[in-house]
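Q: Given the sequences, and given the hints that come with them, work out the whole structure.
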Amino acid sequence: MQIITTGDGSHTLVAPFPGEHYHSLHGAVNESLHVYIENGIAALTGRHEISILEVGFGTGLNALLSFYYARSHDLPIRYVTLENYPLDINIASKLNYGYLIGNGGSDFIMLHKLPWNFENKIEDLFVLEKIETAVENAQYDSQFDIVFFDAFGPSYQPELWVQTIFKKMYESLKPGGILVTFCAKGQVKRDMASVGFRIDAIPGPPGKREMIRAYKDVEVCAI
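My numbering applies: residue 1009 is where the sequence shown begins, and numbers increase by one.
Be aware that a few hints might be false.
As the list claims (entries may be wrong) - Here are the simulated distance ranges between beta carbons:
| id | residue 1 | residue 2 | range |
| --- | --- | --- | --- |
| 1 | PRO1166 | ASN1098 | 25 to 33 Å |
| 2 | ASN1125 | ALA1201 | 27 to 35 Å |
| 3 | ASN1098 | HIS1056 | 37 to 45 Å |
| 4 | GLY1112 | ASN1145 | 35 to 43 Å |
| 5 | GLY1054 | ILE1210 | 16 to 24 Å |
Said to hold, decoys possible - BS3-like mimics (lysine-lysine), calculated; alpha carbons at most 27 Å apart, straight line:
| id | residue 1 | residue 2 |
| --- | --- | --- |
| 6 | LYS1216 | LYS1175 |
| 7 | LYS1102 | LYS1129 |
| 8 | LYS1175 | LYS1197 |
| 9 | LYS1176 | LYS1129 |
| 10 | LYS1193 | LYS1216 |
| 11 | LYS1175 | LYS1193 |
| 12 | LYS1176 | LYS1193 |
| 13 | LYS1197 | LYS1182 |
| 14 | LYS1176 | LYS1197 |
| 15 | LYS1182 | LYS1193 |
| 16 | LYS1129 | LYS1182 |
| 17 | LYS1197 | LYS1216 |
| 18 | LYS1121 | LYS1102 |
Derived from the structure by calculation, the hints contain no laboratory data.
Glycine is no exception: its CB is placed at the ideal position from the N, C-alpha and C atoms.
A: Structure below.
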């Protein structure tokens, strides 16, 4: 797989779809920080621990950033990630994320080497469970505070950007939970809203005008 250096100096990979990449060419690390950390984890205020469901482990960049967020904020995180086609360790070892934001790459490679389909307690603050499965097979009920929806774009994986998948994501969230994604297409917003999400289009990362943060609101019972 071809490695490309993006606008912020971090790597991305050419995806198995013509014209698509694993991350924004404007900056892989900057995109992940903006979408999933700053407008994802950091938006969940008042929690003493959080649980994350990620659609698409991919290069493992989001998991690495979340691991470091847990450390720096003394915030316990349970991180469950779904991936149907895990990246070869030989390819992952060539990516420069660990050198840019970590300790020379050892944490990043450690995340990739951890066994799949097993709950790995890395530290008291971070538990990683990598599930090798298609998103369509996932079934969770009100277990997560946040969903990182990081599949390839709707033009490349249209089967994942549909109501049935968004319903699974909605059901996986606890009341008050959120879903964040880089995508902000109108049809995606409408399909998410149709399964119960409240949609907020917020400023996107470099190169994108908008991104989506969707909410599973807490139901208010009438007295």
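Q: Compare the structure with each hint and give your call.
A: Results for each hint:
Evaluation of the 25 to 33 Å hint for PRO1166 and ASN1098 yields a pass: the beta carbon distance comes to about 30 Å. The beta-carbon spacing between ASN1125 and ALA1201, approximately 33 Å, falls within the hinted interval of 27 to 35 Å. Distance hint check: the CB atoms of ASN1098 and HIS1056 are about 39 Å apart, consistent with the given range 37 to 45 Å. In this structure the hint that GLY1112 and ASN1145 lie 35 to 43 Å apart at CB holds, the actual value being about 36 Å.
A beta carbon spacing of about 20 Å between GLY1054 and ILE1210 agrees with the range 16 to 24 Å that was offered as a hint. With a C-alpha separation of about 26 Å, the suggested pair LYS1216 and LYS1175 falls inside the 27 Å cut-off, and the hint holds. In summary, the hint linking LYS1102 to LYS1129 is supported, as the alpha carbons are separated by about 25 Å, within the 27 Å threshold. Between LYS1175 and LYS1197, the direct Cα distance comes to roughly 13 Å. Compliance with the 27 Å bound is thereby established for this hinted pair.
Simply put, LYS1176 and LYS1129 have alpha-carbon atoms about 26 Å apart, close enough for the 27 Å limit, and the pair holds. Pair hint LYS1193 plus LYS1216 holds up; C-alpha atoms about 11 Å apart against a cutoff of 27 Å. With a C-alpha separation of about 17 Å, the suggested pairing of LYS1175 with LYS1193 holds against the 27 Å cut-off. The suggested pairing of LYS1176 with LYS1193 holds, with an alpha-carbon distance near 19 Å, which does not exceed 27 Å.
For a cut-off of 27 Å, the pair hint linking LYS1197 to LYS1182 stands: about 20 Å separates their Cα positions. The straight-line distance between the Cα atoms of LYS1176 and LYS1197 is roughly 15 Å, inside the 27 Å bound, and the hint therefore holds. Among the hinted pairs, LYS1182 with LYS1193 is consistent with the structure: their alpha-carbon atoms are about 25 Å apart, no more than 27 Å. Note on LYS1129 and LYS1182: the hinted pairing holds, with a Cα-Cα distance of about 22 Å set against a maximum of 27 Å.
Between the alpha carbons of LYS1197 and LYS1216 the distance comes to roughly 16 Å, so the proposed pair stays at or under 27 Å and holds. At roughly 14 Å between alpha-carbon atoms, LYS1121 and LYS1102 fall within 27 Å of each other, so this suggested pair holds.
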